[in-house]
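Chain by chain, the residues:
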Amino acid sequence: MPLPEISAPLAVSLGAIPGALSRYYLGLFLTRKLGSHFPFGTFAVNLSGSLLMGIVATAAIEHAIPAHLQLSIATGFLGSYTTFSTYALDTVNLWQSNKSAALFYSLGSIGFGLLGLGLGVMLVRRL
Amino acid sequence: MRAAVAISLGAIAGALSRYFVAIALQTWLGSGFPFGTLFVNLSGAFAMGWFSSLSIAVRSPEVRLLIATGFLGSYTTFSTYELDAANLLALRQWQAAALYWLGSAILGVVALLGGRLLAGKKSPD
Chain A
0 MPLPEISAPL AVSLGAIPGA LSRYYLGLFL TRKLGSHFPF GTFAVNLSGS LLMGIVATAA
60 IEHAIPAHLQ LSIATGFLGS YTTFSTYALD TVNLWQSNKS AALFYSLGSI GFGLLGLGLG
120 VMLVRRL
Chain B
0 MRAAVAISLG AIAGALSRYF VAIALQTWLG SGFPFGTLFV NLSGAFAMGW FSSLSIAVRS
60 PEVRLLIATG FLGSYTTFST YELDAANLLA LRQWQAAALY WLGSAILGVV ALLGGRLLAG
120 KKSPD
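Line by line, the protein sequences are chains A and B.
End of the first sequence = 126 in numbering that gives the first Met the number 0, gap-free, step of one.
End of the second sequence = 124 in numbering that gives the first Met the number 0, gap-free, step of one.
Bound conformation, chain A alone (with noise of 0.2 Å):
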């Protein structure tokens, strides 16, 4: 079935809102299970988007998926779902209360981001 055309801001809007909230329910679930000592919430939906990206961006190459279906899901989705910002502050604030867990956010959210978007490209590839 082939999508209806839609603007490209469309397309990112619709997958703005999606990714933005699925942050901020994912960060309140994980703030209520595991405490607010370390940043839970941005360290798990930067790493998960990573690797959802590390899928999405290898199979838009290898599968050609629609343009404005990647803008909803790469540049909507996945770049609001995921948060440079927040990331930004957890590291400082953390700093004040814990160093070694500030240097080890800070560095194990790019570090195991990577890897992740790593990953995400194999298990495109290998299927």
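Hints may contain errors.
Selected chain B positions facing chain A (in silico; Cβ < 7 Å) [as the list claims (entries may be wrong)]:
{"no.": "1", "residue": "A10"}
{"no.": "2", "residue": "I11"}
{"no.": "3", "residue": "L15"}
{"no.": "4", "residue": "S16"}
{"no.": "5", "residue": "V20"}
{"no.": "6", "residue": "T75"}
{"no.": "7", "residue": "T76"}
{"no.": "8", "residue": "A104"}
{"no.": "9", "residue": "G107"}
DEER-style ranges, computed between Cβ atoms [stated by the list, open to error]:
{"no.": "10", "chain 1": "A", "residue 1": "P65", "chain 2": "B", "residue 2": "Q25", "range": "20 to 26 Å"}
{"no.": "11", "chain 1": "B", "residue 1": "G119", "chain 2": "A", "residue 2": "L102", "range": "24 to 30 Å"}
{"no.": "12", "chain 1": "B", "residue 1": "Q25", "chain 2": "A", "residue 2": "G34", "range": "39 to 45 Å"}
{"no.": "13", "chain 1": "A", "residue 1": "G34", "chain 2": "B", "residue 2": "L8", "range": "27 to 33 Å"}
{"no.": "14", "chain 1": "A", "residue 1": "P8", "chain 2": "B", "residue 2": "L116", "range": "33 to 39 Å"}
{"no.": "15", "chain 1": "B", "residue 1": "R91", "chain 2": "A", "residue 2": "H36", "range": "38 to 44 Å"}
{"no.": "16", "chain 1": "A", "residue 1": "A100", "chain 2": "B", "residue 2": "A118", "range": "20 to 26 Å"}
Derived by calculation from the structure, the hints in this document are not laboratory data.
C-beta: ideal position from N, C-alpha, C; glycine also.
Let chain A serve as the given structure and place chain B on it in line with the hints.
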């Protein structure tokens, strides 16, 4: 419900700003380096440092959800940042990849502290 509406309104504006800033910077500076993502992430971290220090961000949960969680959360992106770094690595541009990957993380913190200073809040330690 009010929380979901505030976040959604901020998210649409944030994601569209990111999208159009990326197009503008790519047109202006080319696509050899991810200037768009770098710019949104650093300017967004700066804005987050500034906004989170304002008293309105502390007093009003709805303004905080609209601006911080919705707008700035969606304006900046972590998944595209990692994808950009992986693409530079795939092109064997080791120096650019390392500079972009580590530089974004370090400058993000510097930008956030700069935003805090602008709001008149002392930087930690």
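Structure-based check of all given hints:
1. A cut of 7 Å between beta carbons decides the hint on B/A10: the least distance to chain A is about 3 Å, and the hint holds.
2. Annotation: B/I11 was flagged as interfacial toward chain A, and the flag holds, the nearest CB pair being 5 Å apart, inside 7 Å.
3. Satisfaction of the interface hint for B/L15 is found here, the shortest Cβ-Cβ separation to chain A being roughly 6 Å, below the 7 Å cut-off.
4. Interface hint at B/S16: violated, since its Cβ lies 10 Å from the closest Cβ of chain A, which is beyond the 7 Å cut-off.
5. For B/V20, the suggested interface contact is broken, since its CB lies about 12 Å from the closest CB of chain A, more than 7 Å.
6. A hinted interface residue such as B/T75 counts as satisfied when its beta carbon comes closer than 7 Å to some beta carbon of chain A; here the least separation is about 4 Å, so the hint holds.
7. This hint holds: B/T76 has a C-beta 4 Å from the nearest C-beta of chain A, less than the 7 Å allowed.
8. About 5 Å separates the beta-carbon of B/A104 from the nearest beta-carbon of chain A, less than 7 Å, and the hint is met.
9. Look at B/G107: its Cβ gets to within about 4 Å of chain A, closer than 7 Å, so that hint holds up.
10. Judged by the Cβ atoms, the range 20 to 26 Å given for A/P65 and B/Q25 holds: they are separated by roughly 21 Å.
11. Evaluation of the 24 to 30 Å hint for B/G119 and A/L102 yields a pass: the beta carbon distance comes to about 28 Å.
12. Distance hint check: the CB atoms of B/Q25 and A/G34 are about 41 Å apart, consistent with the given range 39 to 45 Å.
13. The beta-carbon spacing between A/G34 and B/L8, approximately 30 Å, falls within the hinted interval of 27 to 33 Å.
14. Remark: the range hint 33 to 39 Å for A/P8 to B/L116 is upheld by a beta-carbon distance near 34 Å.
15. At about 41 Å, the CB distance of B/R91 to A/H36 agrees with the hint of 38 to 44 Å.
16. Checked against the hint of 20 to 26 Å, the pair A/A100 and B/A118 passes, with Cβ atoms roughly 25 Å apart.
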